[in-house]
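Protein chains in written order, with my numbering: chain A, 1 to 341; chain B, 1 to 341.
Hint data in this document are derived by calculation from the structure and do not stem from the laboratory.
Errors might be hidden in some of the hints.
Simulated DEER-style distance windows between Cβ atoms [to be verified]:
#1 THR251/B with ALA207/A: 40 to 48 Å
#2 GLY106/B with GLU188/A: 51 to 59 Å
#3 GLY321/B with GLY256/A: 53 to 61 Å
#4 GLY321/A with PRO231/B: 46 to 54 Å
#5 ALA115/A with SER54/B: 52 to 60 Å
#6 SER291/B with GLY34/A: 39 to 47 Å
In the DSS-like style, the derived pairs of lysine-lysine whose C-alpha atoms are separated by at most 30 Å in a straight line are [claimed, not checked]:
#7 LYS105/B with LYS179/B
#8 LYS104/A with LYS288/A
#9 LYS105/B with LYS270/A
#10 LYS105/A with LYS288/B
Some residues of chain B that are not near chain A, with every Cβ distance over 12 Å (derived) [claimed, not checked]:
#11 PRO235
#12 ARG238
#13 VAL241
#14 ASP258
#15 ASP338
Model, not experiment: these values are computed from the prediction.
Idealized CB from N, CA, C, for every residue including glycine.
Spelled out from the first residue to the last, the chains are:
2 protein chains.
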Amino acid sequence: MSNRRIVLAERPHGAPAAHNFRLEEVPVPEFAAGELVSRTLYLSLDPYMRGRMSDAPSYSPPVAIDEVMTGGTVGQGGASRRDGFAPGDFVVGRGGWQDFSVYKKGEMRKVDPAAAPLSTALGVLGMPGMTAYTGLHEIGRPQAGETLVVAAASGAVGAVVGQIARIKGCRVVGIAGSKDKCAYVVDELGFDACLDHRAEGFADALAAACPEGIDVYWENVGGAVFDAVLPLLNPFARIPVCGLIAQYNATELPAGPDRLPLLFRNVLTKRLTIRGFIVFDFAALEEKFQSEVGAWVRDGGIRYREDIRDGLENAPEAFMGLLGGANFGKLLVRVAPDPTA
Amino acid sequence: MSNRRIVLAERPHGAPAAHNFRLEEVPVPEFAAGELVSRTLYLSLDPYMRGRMSDAPSYSPPVAIDEVMTGGTVGQGGASRRDGFAPGDFVVGRGGWQDFSVYKKGEMRKVDPAAAPLSTALGVLGMPGMTAYTGLHEIGRPQAGETLVVAAASGAVGAVVGQIARIKGCRVVGIAGSKDKCAYVVDELGFDACLDHRAEGFADALAAACPEGIDVYWENVGGAVFDAVLPLLNPFARIPVCGLIAQYNATELPAGPDRLPLLFRNVLTKRLTIRGFIVFDFAALEEKFQSEVGAWVRDGGIRYREDIRDGLENAPEAFMGLLGGANFGKLLVRVAPDPTA
């Protein structure tokens, strides 16, 4: 039996291309005492991976050339030399873009397929959901009656951000990249409004959808969406900065004028808070997140949508599409059949 | 007896000019039951006044055309129809650029000339000192061993910011606009270093003065100073935005490229917090401020320097100089002799 894996062949310049990745077959990794080997069922594809492909300074070191692409996975444990795990147990960890991965103690946790579908451990009840929950809890702090705007509203993080804010009593306005996505965000997720940022007159439509301004803007996009948001921000607005997908592939700064002074003037006169964070900054909230969001998922207060592609070999193409918004819902690759589905 | 006052004659375009102000003589204002008339001894001149001259949206409404310029003052009460105040009592309030002002209840408070020189109620123990104290307390949160950088370091706010951070055990690096100011900041105020932002090689010198990066950058300047700071910011750095004096007179945005995406990338990858504030957001800390900073001023832990100009008629020129850094220390106008000095 061999292990197929996708490694970083070279660093992209601008948008990633197929030749930046390489599919290899290698022997299934050896494992030592205390380790567990897991067969990947689902691989999560997330925007942050674009950052790991680059060697620009960031909060995590980049993936090395010829190293397996990093990524969250749900897998099923095979032969185990690890106490407390039986063959067949399901685990979630950072297995990477490959068929098999080996975990040391503390690198994975068990997932109970009876509590929720296994794939949710990579989405609404995994890193993206936790990102949404903790960023609101610690930075956004939505209050009843306030207006929250979230971009990429049908995506893995945005959908949870908006639904939590709805539960908290906010007016919630989503922004998404197509009519279909907007319809889903309003009809299925219960947002008050959703706007297509590609549509003519987007900035005016956003202003109309936020008659009392914006108190929380969840930033996971950057670029033109932020431009439309800035003039609408209310005094004391909070801006959790969680991602900047619209600029990840940029190779140079946009043309001027330089709007840094404009931003700072707004920060000062409106007393804005802009704060970047990474989900693992708030790891202490994991239990609270699982219990609170888990309950909302079970009672239907929070809904989710997955966009599942089959076959590890299709991961690069799916990932490249993700950066342009080609997915609709949490993007996953089914690497092997899910025996619980 | 007449009341000389300086009103806003017209709104400036760019840097304020003499003709934007007008000196008038009017009768001493009438006062009603419960009111107090005060003769101005000191008028405080502060950068925020540039904002009040403009009708761009801000946290406070602008001064109206033909209205007295706004400003903090220390005065001596004359005839009083207000309980608890005797003729001759000293008060601090927002009397504006004029010889006499009338206060209603709650618009001023008494100042004890035995506790500290009267003028300090407009500086180290007044609004600028409180700005420094509260912004650090609520946003900057300097921890022992961290590095704090503050621009306009010899100014009314910057000097207090740096000295508090020193007391808290930080490495403190000031930035100021001349050799003399830098010498004062290091020799008198005890900063670890101070750099002239007008000197050749400023950015490199700042990097050398901050070998472990920057954990707190106190922003009261904007512009080129921030550019030198940005690459040095450490993960989780905090940036209280208190003022932007370097850009108050700007009439247009600088040329490109547009560095907004660069800023946001730094916010995300370094998990920065950028937060604007106004001193009155933290009014609840007034008592704590007076007690803590008052004690430091009395024991010499915090020192201060005043730049006092004589004559109300010279206020416009002094203020215009302030925006270019022509003052050295807290800028005040002595409107009438201080009987306690």
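| query | Looking at the structure, which of the earlier hints fail to hold? | reply | 1, 3, 4, 6, 7, 10, 11, 12, 13 and 14
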